[in-house]
Amino acid sequence: MAVDTSSQSVAKAAGDSARGRSRRPGKPEGKVRRSLSTHWYAWAMVAPVTIVIAVIIGYPLLRGIYLSLTDANERNVARSIGVNEIPATYEFVGLDNYKEALSGSQFFETLGWTLVWTVSCVAVTFVLGLALANMLNRRIAGRSFYRMFLILPWAVPGFVSVFAWRFLYNENNGLLNQMLGGVGIDAVPWLNDPTWAKFSVIAVNVWLGIPFMMVALLGGLQSIPGELYEAAEMDGAGPWQRFRNITMPGLRSVSTTVILLSTIWTFNMFPVIFLLTRGGPGEATQILVTQAYKFSFEISPRDFAQSSTWGVLILVLLMLFAAVYRRVLRKQGEVW
Amino acid sequence: MGCADPGPPDALRRGLPASPPQAGRSLVTTALQSPRRGRGRNHRSPLASFGLHATLLVASVIAVFPVLWVLLTSLKPAKYATTTDFVRETTLENYTGLLEDTPFLTWFGNSLLVAGLTTVLGVFVAATTGYAVSRFRFPGKRGLMWTLLITQMFPVAVLIVPIYNIMASMGLLNEPAGLVITYLTIAVPFCAWMMKGFFDTIPMEIDESGQVDGLTPFGTFWRLILPLAKPGIAVTAFYSFITAWGEVAYASAFMVGDENMTLAGGLQKFVNQYGAQWGPMTAASVLIAIPAAIVFLFAQRHLVTGMSAGAVKG
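Line by line, the protein sequences give chains A and B. Per the working numbering, the first sequence starts with residue 1, numbered consecutively. Per the working numbering, the second sequence starts with residue 1, numbered consecutively.
Take the hints with a grain of salt, since some may be wrong.
[Claimed, not checked] Only pairs whose alpha carbons sit at most 25 Å apart, straight line, appear in this in silico DSS-like list of lysine-lysine:
1. B:Lys269 to A:Lys198
2. B:Lys269 to B:Lys79
3. A:Lys31 to B:Lys141
[What the hints assert, rightly or not] Derived DEER-like restraints, expressed as beta-carbon distance ranges:
4. B:Leu72 to A:Gly142: 22 to 28 Å
5. B:Gly140 to A:Tyr59: 25 to 31 Å
6. A:Leu115 to B:Gly97: 22 to 28 Å
7. B:Gly97 to A:Ile51: 46 to 52 Å
8. B:Phe65 to A:Val119: 22 to 28 Å
9. B:Ser45 to A:Asn245: 19 to 25 Å
[Unchecked claim] Covered stretches of chain A, as calculated for chain B (at least 3 residues, CB under 8 Å):
10. 47-58
11. 113-127
12. 268-277
13. 294-304
14. 313-322
If you are wondering where the hints come from, they were derived from the structure by calculation, not from laboratory data. None of the values given here were measured: they were computed from a predicted structure. The C-beta atom is built at its ideal place from N, Cα and C for all residues, glycine as well.
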């Protein structure tokens, strides 16, 4: 489809440039000029975004990378107190921050939990979302009501849901513990015990993530032609065989996309951890993103350099993941 | 997409598969087919039916309950906030207290301002790019697409420190403008990506007819495609509004003081200061969530279409 327009715009632009040439006879046309006259519409249209990205993402990104190579902290960055401008005094330290991050145990411990968190959240969300999508894809009374209720967590702003859960998880008088107390079970320290806190944050994130997963997979399921199932049934395929050989391949492109997206989202999921536990108790639920935030905004003096270093490392990890994921898909013949 | 108003009817009907007449027809055909299919895979034993309903019911309760419980709690007097009674005394005192004694309305206004500006600017800047990426082939397109994709996976941790320092040196910390600029780093790539998905669903014949009539590519975009893409743009705008509305990390780091805080930061105050003030917290939650949820439930069908279309075809 892109080919069509491109050929048309080429033809059109060729007309323009022909006119241009006739006005300025004999002027040599370089490669740049030619492609400028062919593509200037497209370039003009993407210019706003390109400029915005370069200015407000590209420049900070470069600065962040630079900061990760310095010893910047709260005390030595440029700042203004009242009318006095204090110039920056931090120095370039090369790769010291990276050495520090990668030689200590903290980074790898946090990374380990971040991976556990990401994999378990995505896996549980995917399995439950797939199960619910399959159920909703059947003819069943009240289907649209179930669907609406199941989507609800997605409709509520994330931080509101997280506070709602904090309310339920409250150790002394939260509803969950009162219900457990009602059947004679001791109060569970949902957010104050390292293991329970890990369980709790995963549960909340799964609760938050299922609606998107479910709706996306439901869309995928509905695009699988029903005739395939009928034909399979004629041939005597059982429900499990139909699921394995029709549903799963039919969902391939949708599920690879949602798994990639939700992996990246979960890896970077700041609000759930930050608002539920602040990474605690201790550092038990601290993921890389919240730890990087903690370096620059919660400890004193604020360690901007270390925070930037962790930020860059997170970005590198994610890009590696996306590249590997893409390569695996390509090997399996998936175009992405 | 049945809600799209008639506009240029032919184009719409060709472009959007689920326009009302077709939906009606498919309903009739499936109804006619149902006796035959009834004997097939849709036949269930009562036990399986029961299991299906029971599972869906339990899942629905788990999905709805936390939200519902917050709603119920917000209607209880604050002293009963942590009791398990469903309704003991219903009162609106949490709401009146919230609106009168706390800066909730200021926070609400700030959030509205910041998210609104972010949305308008984001959509405005990104619209032409979405179209160009959907329709043209040009040098640098691949690179741009990759940039759009990769910037969407930027963790907040990569940009937050440099942006914080830049904002500090420009005196934009604690200013809504600073937060708007910051949110544009999220909104612009996202809007461009999502709009590409929506433009992809509009058939090429419309562009071609525009060109035959002598419109420039920009004229085609402005006069033909943009009006057709209105539902998609609305959804994109809504989505980026919600993203800015619910953002926590930047808002918590950049905004201090009651006058400048947005809702995400404000709500934290109720829970962190001296334990928790669940009464105002639950009331605030309801006031934040209910309008968003209602609009969301109307728009959600299109949200997934746009996102998965953009992502899958990308």
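Hints versus structure:
no. : hint                            : result
1   : B:Lys269 to A:Lys198            : 24 Å, holds
2   : B:Lys269 to B:Lys79             : 19 Å, holds
3   : A:Lys31 to B:Lys141             : 18 Å, holds
4   : B:Leu72 to A:Gly142: 22 to 28 Å : 23 Å, holds
5   : B:Gly140 to A:Tyr59: 25 to 31 Å : 19 Å, violated
6   : A:Leu115 to B:Gly97: 22 to 28 Å : 44 Å, violated
7   : B:Gly97 to A:Ile51: 46 to 52 Å  : 47 Å, holds
8   : B:Phe65 to A:Val119: 22 to 28 Å : 27 Å, holds
9   : B:Ser45 to A:Asn245: 19 to 25 Å : 23 Å, holds
10  : 47-58                           : holds (count 7)
11  : 113-127                         : violated (count 0)
12  : 268-277                         : holds (count 5)
13  : 294-304                         : holds (count 3)
14  : 313-322                         : holds (count 5)
Of the hints listed earlier, those the structure fails to meet are numbers 5, 6, 11, in rising order.
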